[in-house]
Structure formats: structure tokens, C-alpha cells
Amino acid sequence: MQLATIPDLMPALPEIILAVTTLVLLMLGVFIRSLNIARTIAYACILLLLLAIPLMLVSTDGRVSTFDGAFVVNDFTVFMKTFVLLSAASVILISKDYRKLQSIDSFEFPILIVLATIGMMLMLSANDFLGLYLAIELQSLSLYVIAAFQKDSARSAESGLKYFVLGALSSGLMLYGISLIYGFVGSTNFNIMAEVFKGLSGELPPPGVIIGLVFIVAGFSFKISAVPFHMWTPDVYEGAPTPVTALLSAAPKIAAMGLFVRTMLGPFGEIDDQWQQIIIFMSIASMGLGAFAAINQKNIKRMMAYSSIGHMGYALIGLAAVGGVENAIFRIHGIQGMLVYLVIYVFMNIGTFSCILLMKRDGRMVENIDDLAGLSKTNPGLALIFSIFMFSMAGIPPLAGFLGKLYVFQAAINSELYTLAIIGVVASVIGAFYYIRIVKVMYFDPPVEALNVSISLEIKIVLAITGFVIIFLIFYPMPLISGAEQAASALFTK
Amino acid sequence: MIFLALAFYMFASIAVIAAIVVISTHNPVHSVLFLILVFFNVAGLFVLLGAEFLAMILIVVYVGAVAVLFMFVVMMLDVSIAETRDGFLHYLPLGLLVGFILVIELGVIAGGWNFAPNVEQNFIAQSIGSSVTNTEAMGNVIYTHYIFYFQTAGFILLVAMIGAIVLTHRTRDGVRKQNVGDQLARNPSNTIEVKKVSSGSGV
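The listed protein sequences correspond, in order, to chains A and B. Per my numbering, residue 1 is the first one in the first sequence, and the count goes up by one each step. Per my numbering, residue 495 is the first one in the second sequence, and the count goes up by one each step.
By construction, these hints were calculated from the structure, which means they are not laboratory data. Each hint should be verified, as a subset may be incorrect.
[As the list claims (entries may be wrong)] Residues from chain B that face chain A, not an exhaustive set, calculated with beta carbons under 7 Å:
no.: 1; residue: A512
no.: 2; residue: A513
no.: 3; residue: I517
no.: 4; residue: F642
no.: 5; residue: F644
no.: 6; residue: I656
no.: 7; residue: G657
no.: 8; residue: L661
Just so you know, even glycine gets a beta-carbon here, dropped at the ideal spot from N, CA and C.
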């Protein structure tokens with residue numbers, strides 16, 4: 001009788017500590033019958049998420065894999081996980097007033113966010129299709145629940161149900177694709193797959209593999225809500241409680257995008273000409289839909305949903321720029337551009353949703369763009385910071401949004417994808433219309449009844465940090481740029 | 495060998511026929527009963543494959559728990575079947591067309607199928623021979639090679655449980671709950687009042 005060796009737990013230490021502490025907090029929440037327990041647990045969760053970042057930075061160096069090659073940590077995963085953790089923590093932070101106002105102030109809310117975050121971290125570290133699928137399910141299941149968290153609102157329930165049904169469908173598509181690939185390779189491990197596809201040495205893979213690849217891409221593009229798998233996004237974003245919408249449009253997007261990139265460049269890196277055209281199509285379609293469909297929206301959360309579809313289109317340019325390119329530096333530039341874009345997008349998004357969370361009138365939330373009319377007269381400070389985020393989303397220099405667009409378009413030009421870059425520029429000009437329309441409504445429309453804004457300390461902190469980053473990143477972008485470059489090059493070194 | 499073949503065809507054909515009955519019968523209770531029949535026959539197929547652990551789990555979990563749960567749901571919810579059947583017949587031609595196209599496509603994939611060179615090298619699980627039982631073989635890998643997946647799956651089930659409780663649990667006022675502490679703290683001195691009743695006058 002031989003004893004099995006215990007796998008190396010160090011690379012997964014942040015996840016393990018997060019998971020164990022969450023279980024403890026869950027028990028505390030269940031058994032302590034005090035009115036303040038929900039608030040205490042929310043703060044504990046924020047602290048936990050923030051503490052995981054330094055823990056992650058010290059517990060890893062270089063590329064490490066554990067659990068029989070099912071779990072991988074490298075500079076790329078650490079970079080992505082840092083922003084997943086930051087955005088999840090800031091969402092719990094800004095949700096405090098909203099939870100009280102909508103009476104959803106129960107301790108399960110932050111706990112489910114932390115569980116979803118663990119799922120996202122596992123997604124980013126997955127090195128095997130089995131682990132990948134389980135991580136995606138852990139993430140999505142938690143998100144389905146918090147999307148439907150507002151029990152007395154039919155719209156919240158509808159959004160949770162729609163998200164669940166369509167999410168299950170996309171999981172089914174992805175599993176079918178995985179099974180086809182597994183049938184060809186005989187293993188679900190990324191490294192073995194990469195070896196097998198390398199062994200094809202330029203031969204066309206059999207049709208089953210290509211169909212499997214298409215199904216897997218379809219599943220991923222559902223998770224990042226890229227056209228043509230975006231249909232759920234506006235309804236879910238509109239119906240879900242606003243902090244949940246903020247979370248949905250930030251953290252899972254980074255995680256799914258990171259997973260997308262790792263899967264496409266890892267196991268399928270050798271057959272990149274097979275997936276590059278799909279990515280180019282999705283990128284163009286997402287940018288186009290994001291630019292046109294948002295114009296007519298009256299509800300600001302719905303508008304942000306279309307805006308996030310568009311932003312995912314721009315981020316995909318970075319991935320498209322990698323396929324079919326031999327030059328190693330240009331390949332790294334593509335991913336680097338995408339990472340810079342994603343990080344800036346997350347900061348803008350959290351900032352914008354903090355502003356949306358301040359749209360209150362007579363003790364209830366308002367969500368229409370018209371409700372912002374004349375905000376510059378009634379609350380000049382909020383109008384100013386809101387305008388900064390809108391200008392940044394539109395990509396107007398010198399704000400950070402411009403830097404992100406610059407990097408992805410540059411990557412597309414490097415890889416000679418001129419059409420893609422031109423369509424991107426045109427789409428961002430059209431998209432600028434609806435962002436700047438909000439500025440116009442705030443500054444030039446006659447004021448309606450004032451919003452009763454009392455900005456809580458939590459939202460002030462988040463607004464200050466995101467606003468500072470958005471305004472001043474252009475003067476000192478080096479940490480982000482070089483961090484993204486280091487993360488991107490980790491993908492190409494085996 | 496002829497017995498094995500006969501058993502296979504019996505289990506397989508009954509499973510397929512019962513599955514068709516599940517989706518075509520009018521009565522939802524009959525549906526669930528035929529679903530149980532499907533599970534039993536599939537369990538038989540697993541036994542033929544030598545996977546007796548899976549066969550047992552299928553009976554215990556799917557028949558013992560899931561199907562009974564379905565039965566409860568079906569009996570407690572008043573599902574209107576007439577409406578769903580209208581839709582079913584209405585969409586049947588389209589559904590058949592889509593199904594037909596899918597079958598053709600699957601045929602194309604399967605027809606052009608080939609495996610990666612030296613595909614056997616990539617398998618994690620090697621054939622274990624007959625000296626190890628199913629349960630033992632599974633136990634050998636589930637806490638060692640698959641520990642990561644096992645724990646992650648556990649967390650998924652935990653989230654499902656939290657979600658079900660959070661979304662359906664409502665605190666209601668005026669519910670009388672049993673409180674053992676209160677019950678034990680009762681004694682005659684604070685619950686019984688002794689009244690002196692003079693005889694013949696009533697309380």
C-alpha cells in the first residue's frame with residue numbers, strides 16, 4: 001500500500017486561504033444572530049480580497065504548476081488575478097448603501113461575491129479543460145444567484161433566470177466542443193494538447209477538432225458577451241441589482257478574457273490561423289453593435305451593457321493581432337495591448353457604476369439617462385467626475401481610455417490588420433456619440449428635480465482612486481505598460 | 495457471449511423506448527415512472543460494461559433521490575399539459591428538421607474522424623485489469639490525481655446550496671417555533687395558577 005504524495009499547495013495558496021476563510025465567514029454569518037453581522041462580513045470579505053493580492057505576489061515566482069499540471073501560476077495569471085480581486089473588492093465596497101436601500105443587506109451577498117472571485121481565479125489558473133469547466137461553473141453559479149438576489153423585484157428574478165438558462169446553454173456548447181477535442185487528443189490537459197497540435201506540423205487538423213474549437217470559442221464569447229453571443233447582456237445588466245451589474249461588467253470579463261487568451265494561445269496556439277478569423281469577426285461585430293445599439297437606450301444600465309459589448313470587441317483586437325504572426329515581439333504587443341485595454345476598462349467601469357449608484361431620488365434608485373438632466377447645476381462635482389469617465393470611455397485624450405485604444409489599434413497595425421483597425425476607429429467615433437450625449441444631458445439640459453446625493457465615504461474612496469487613475473495614467477503609464485508586457489510575455493515562454 | 499449480446503439489446507431497446515415514452519406521454523406521473531425505467535436499464539448497461547459502481551450510484555442517486563424528487567414536484571405543481579402539448583406538435587416539424595440536420599452533421603464529423611498520432615500515450619487512466627474493483631479504482635484517483643477537481647466540485651455544490659437557501663428562504667412573522675430552552679425552563683410555579691374555588695359556585 002503506497003501513500004499518495006500531497007500535491008504542492010503553495011501555488012494555490014491564495015485560493016485555498018480565500019476558500020477556507022470564506023467558509024469560516026459563512027459559518028459566522030449563519031450562527032451569529034446580530035444585526036451588524038452582514039456589515040462586518042462585508043468588510044471582512046473586502047479585507048480578505050485585498051490581502052490575497054500581496055499573498056499572491058509573494059507566494060509565486062516564475063511559472064509553477066501543481067495538482068498534476070491542472071493548475072498553473074505565472075506572471076500572466078498573477079496580473080489578471082490582481083485586477084479581478086481589486087474589482088470584486090471595490091464592488092463590495094460601493095454596494096454598501098445600495099444593499100441597505102434595497103433591503104438586500106444579508107451576509108450571503110459578499111460571500112457569494114468572494115466565491116465567484118475564487119471561481120474566476122481558478123479560471124485564470126486552469127490548465128486542463130476539466131478544471132476550466134468546473135471553475136467557470138463555480139463563477140457563473142455564484143453570479144446567477146446574486147443577479148437574482150433582489151427577491152421582491154420581478155426584474156431581478158428575470159435577469160437571474162435569463163442569465164442562468166443562457167449560461168447553461170453556453171456551458172453545454174462549450175462541453176460539446178471540449179468533448180470533440182478530447183476525442184481527438186485523448187487528454188484534457190493544455191500542455192499535452194499543445195504538443196499534439198504541434199505534432200500536426202502545419203497539417204490541417206481534422207474537421208472534428210475545428211468544430212470543437214468553434215464550440216469552445218462560442219462558449220467563451222458568451223462569457224465575455226461578444227457578438228453574436230451577447231443577447232443576454234442588456235436584459236441581465238438592466239434587471240440585476242446595480243452593484244451586481246458593476247461586478248458582471250468588470251471581474252468576470254477579465255477572468256473570461258484571460259481564460260480565452262490562455263486557451264487560444266496554449267493548447268490551440270499552433271493552429272492559430274483556425275481561430276484568428278473567428279476572433280476578427282467577433283471583434284468587428286461587437287464593436288459595431290456596441291456603437292450602434294447603445295445610441296437609442298434610455299436606461300443607463302442598458303446603455304452600459306451595450307458599451308461593455310463594444311469594449312470587449314476592442315479588447316479582442318489584441319487577441320486577433322496575435323494569430324498568424326511570426327514576429328514574437330508583435331505577438332507580445334497584441335496581448336499587452338489587450339491587457340492595458342482591459343485594466344483601463346475596469347477602472348472606468350467601476351468608476352461609472354459608482355456614479356450610477358449615486359443616482360437616487362426620494363430614497364429610491366433612478367436609472368434613466370433623462371434623470372441626469374442638469375446635474376451640473378444641482379451637483380457640479382458628480383457631474384464633473386461622471387463626464388470624465390464618459391470622455392474616457394469615448395477614448396478622448398488625455399484620459400486613460402485613449403491610451404487603451406491606442407495600444408490595441410497599434411497592435412492591429414503591427415500585425416497588418418488594417419481593416420480591423422480602421423473599423424475600430426470608426427466604431428469608436430460613432431460610440432463617442434452616446435457617451436458624450438450623457439455629458440450633454442448633464443451640462444446643457446434644463447435641470448429636472450435634483451438628485452438627493454449624499455456621497456458615502458466608500459463611494460468617495462472608489463471614485464477618488466478610479467478618477468485619479470483615469471486622469472493621470474497618461475503622465476505615468478509605465479507601471480501598467482511594463483506590467484502588462486511582463487504578463488503577456490509569460491504566455492509565450494513555456 | 496450470446497447472452498451478453500441479448501442482454502445488451504434488451505437493456506438498450508427498453509431504455510430508448512422508455513425515453514421516448516417519457517417525453518410523449520400525457521400524464522407527468524407516467525413520465526417520471528418511465529424515467530425510472532430508463533435509469534434502471536441504463537444501470538443494466540453499466541453492469542454489462544463492468545462498471546458496477548456507476549450502476550449502483552445511478553440507481554441510488556437518480557432513482558432513489560432525483561426521480562422521487564421529480565415525483566414530488568410533479569404531484570405538487572399543477573402542470574397544465576394541454577398547453578405544452580400544443581406547442582410540442584406545433585414545433586415538431588421544425589424540431590425534426592433541426593434534429594435531422596444535426597444528425598447529418600454528426601455523421602460528417604464521425605465519418606472524417608481520426609485520432610491524434612499515439613493517442614494512447616495521452617490517456618491519464620490506464621486499463622486497470624480485473625484485480626482492482628471499481629470502487630477501489632475510483633478511490634485511488636479521486637483523492638489524489640483529481641483532488642483539485644473534487645474540491646472545486648464541492649464548492650460548486652456549496653454555492654448551489656447557498657443559492658437555493660438565499661433565493662427561497664423568507665423570514666415570516668408570527669411563526670410559532672419550538673424552543674427547547676423555553677420549554678425546559680417552564681415549571682409549575684410560573685405556568686399553573688391554583689385558584690381556590692368554593693364548592694358549588696363555579697369559577
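Hints, one by one, checked against the model:
The beta carbon of A512 (chain B) comes no nearer than 23 Å to any beta carbon in chain A, farther than 7 Å, and the hint placing it at the interface is violated. At about 19 Å, the closest approach between the beta carbon of A513 (chain B) and any beta carbon in chain A exceeds 7 Å, and the interface hint on this residue is violated. Violation of the interface hint for I517 (chain B) is found here, the shortest Cβ-Cβ separation to chain A being roughly 18 Å, above the 7 Å cut-off. Satisfaction of the interface hint for F642 (chain B) is found here, the shortest Cβ-Cβ separation to chain A being roughly 4 Å, below the 7 Å cut-off.
Hint status for F644 (chain B): violated, given a least beta-carbon distance of 10 Å to chain A, over 7 Å. Taken as an interface hint, I656 (chain B) checks out: its beta carbon lies about 6 Å from the nearest beta carbon of chain A, inside 7 Å. Interface hint at G657 (chain B): satisfied, since its Cβ lies 4 Å from the closest Cβ of chain A, which is below the 7 Å cut-off. Interface hint at L661 (chain B): satisfied, since its Cβ lies 6 Å from the closest Cβ of chain A, which is below the 7 Å cut-off.
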